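S.K.: Chains as they are written, first to last, in this note's numbering: chain V, 145 to 419; chain G, -6 to 425.
Some hints here could point you the wrong way.
With a straight-line cut-off of 25 Å between C-alpha atoms, the simulated DMTMM-like cross-links for lysine to aspartate or glutamate are [as the list claims (entries may be wrong)]:
hint : chain 1 : residue 1 : chain 2 : residue 2
1    : G       : 252       : G       : 240
2    : V       : 335       : G       : 142
3    : V       : 333       : G       : 409
4    : G       : 355       : G       : 276
5    : G       : 306       : V       : 150
6    : V       : 157       : G       : 276
7    : V       : 292       : G       : 307
8    : G       : 385       : G       : 77
9    : G       : 406       : G       : 180
10   : V       : 157       : G       : 142
11   : V       : 402       : V       : 412
12   : V       : 157       : V       : 412
13   : V       : 168       : G       : 307
14   : V       : 168       : G       : 64
15   : V       : 292       : G       : 328
If you're looking for bench data, these hints aren't it; they were derived computationally from the structure.
This one's a predicted model, so the numbers in the text were calculated from it and none came from an experiment.
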Amino acid sequence: MQPIPDSHFTYNKAANLLHGWAVKLMGTRLDVLIVDSRQESAESCWEEILAETCRLESLFSKFNPESELYKINKAASRQPIKVSDELWQLLIDCKRYHTLTKGYFDITLKDYNTVLLDTKTQTIAFTANETELDLGALGKGYALAKIKQIVIRHDIQCALINFGNSSVLGIGTHPYGDTWPIGIENPYKPKETLHIVNLKDSSLSTSGNTPTHPKHIIDPHTSHYLERKKIVSVKTANPIEAEILSTTFVITPDTITKEIIKDFPSADYTLFDLE
Amino acid sequence: MNTDLLTRRDFIKNVGILSGGGLVLSSFPFFQSNANEKNLIEGQKARLAIIGTGSRGLYHINHLLKIKHAEIVALCDIYQPHLDNAAALCPKAKQYKNYHEAIADKNVDGILIAAPLHEHAPITIAGLKAGKHVFCEKAMARTIEQCKEMYDVYKESGKVLYIGLQRLFDPKYLKAMELIHQGEIGEVVDIRNFWYRNNDWRRPVPEPSLEKQINWRLYRESSGGLMTELGAHQLQMGTWLYKSLPDYITGFGDIIFWKDGREVFDSVSVIYHYPNGLRMTFESIISNKHYGMDEQILGNKGTLELSQGLLYKEEPKPAPGIQQLINQIEHNIFDNVSFAGPSWVPETASTTKGEPILDHIKTHDGSNTTGAADDGSLELVSSFCTAVITGKSMPMLVEEAYYSSILALLGNKAMEEKRVLEFPQEYVIPYL
């Protein structure tokens, strides 16, 4: 069982506003704003979001010995491992995104070709001993996609979900405006807004280096870390694609970025070179 | 450091308190002083006799020399080397060996007593009865009977009495009290006081016959040990915060490490139990200094470490951007907010570090056995000088000091008798 994270919520009746938040969830902080006069629905929605995110954290964790991913990483280089339906669908999607991004999006961080997916038996096998899967680059996007379904199922028209500032989902609009206008901060100059993105039933993912973490994004083609002060933000209706594209575009050369984006017609991206 | 008289307005600005309700003001004696006192005392000086010019006496003299409205006209100590040290700083002051003579000096308006604890009551009472204003170091007196007598004489005399409780003048304590009254840490559920040092608490003695005079802190006749010398400061939190008196007191004290002929405990743990079930504890050990000194106020929504001026919330605050958005929605405002970015770092660290409650907080670890810099002592002495000129006492101060001293002494009694004491009703004064 995944330990329940440190979480809280408040409901302001005058503003019909629920604010739920949890820390130490997927390595960061989750903030959920729900604007709805039906307090009970808002609260049950928040509880479901929290439970689902906890479930996904244990599914995606590379470090939790109980997680399916951990077991695959341990054993798939020795023998094919049977994969659950949910993770299977995700692995198939990752394969497709690997191709669509010309190999830049790679959950092995190295060589996705060492991963064999057998659709007949729904098993996974690694052809190289050192291969392992890391779902960190899309975990928050996948969680936001699930959260989006939960919010819609609760018939909530107006919500904003912030997952560690790097992944933001806007459902409907700000209660007093026609979008959720979200500013992107310059990590090197706090309080400087680089750009404002208007979210409306769409999500925003931002990737890049920060002063405290200058080198943490790796180019799978060269195995080199990104060293430039570069930020990329991607807005699209699909939170998983936003996540995948922002991670990809911080490493891809401009010409390749322009080619890849053709396959994602609804995605908008903005690139900031802060050198 | 601004050594002029701190006015009420300066102080409010310094502490950042913009609007105070009656509840808040009642906790801050400083705010109740006359706002025009700076004008009232213009050009006047409080003429003081310093009685007891050892290390603590010199500490006060050094502060007084920076205060414009203070003038040291007399010095008194039975020990010549201490008198010489003080005379070097105040060459014009008259020197006395007998405190009765110093008190009787016609040029003396007020006396400042930094003598051993068992001398506090006799000198204070003599001073008040002679019509002089008195500042006496904490704890108030060696016995609870003496504390009561001092209090009664003070009330009858109509003179000013100050007891050296500088926390009532320390900005970070005042700010903390304001936050507590505003509900920042919710309902207060416990007060934990501790003071740890690692030294023998001895002063060098030039010849053995002076041992009890110089190391008066170590002997029961002259000292209440850790309870009166250290505990009395912190035990004030009980009345300051709970606004009530304990119904039961118990504890244990022993000499566990410094077995050098001293008579006072070098290790104490005392529990004060209040009628509503709350407790306050005091623990002091002088053979380990790792945890230093602090008063920790525990509430159901947060914790304050008073000597560090740090606030810890039980529930982490929302990220600033989200908070801004919440405020917008609550006030029907539509605007953009900036918080998105490649935030890769878990944002939980700030919740464990504690938040400073003031800018430029000055802290000390309680290891200095004479007195720390910027702990409110200068403001306290300056306020006394003002009171000597105006003749107006500081509300709360004597009462707070009275009870903190009584609690310290009852702690000793409980430890010495190894039992649970009930608070003696005959020592209740009209306060709280």
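S.K.: Could you run down the list of hints and mark each one as holding or not?
M.R.: Cross-check of the supplied hints:
1. G:252 with G:240: Answer violated: residue 252 of chain G to residue 240 of chain G is near 33 Å, above 25 Å.
2. V:335 with G:142: Answer violated: residue 335 of chain V to residue 142 of chain G is near 61 Å, above 25 Å.
3. V:333 with G:409: Violated, because 62 Å separates the two Cα atoms, which is more than 25 Å.
4. G:355 with G:276: holds (23 Å)
5. G:306 with V:150: holds (13 Å)
6. V:157 with G:276: Distance of about 46 Å is beyond 25 Å: violated.
7. V:292 with G:307: The hint is violated at about 30 Å.
8. G:385 with G:77: With Cα atoms ~33 Å apart, residue 385 of chain G and residue 77 of chain G exceed 25 Å; violated.
9. G:406 with G:180: violated (31 Å)
10. V:157 with G:142: violated (58 Å)
11. V:402 with V:412: Holds. Residue 402 of chain V to residue 412 of chain V sits at ~11 Å (cutoff 25 Å).
12. V:157 with V:412: This hinted pair is violated, its Cα atoms lying about 36 Å apart.
13. V:168 with G:307: At roughly 15 Å apart (the allowed maximum being 25 Å), residue 307 of chain G and residue 168 of chain V satisfy the hint.
14. V:168 with G:64: This hinted pair is violated, its Cα atoms lying about 60 Å apart.
15. V:292 with G:328: holds (23 Å)
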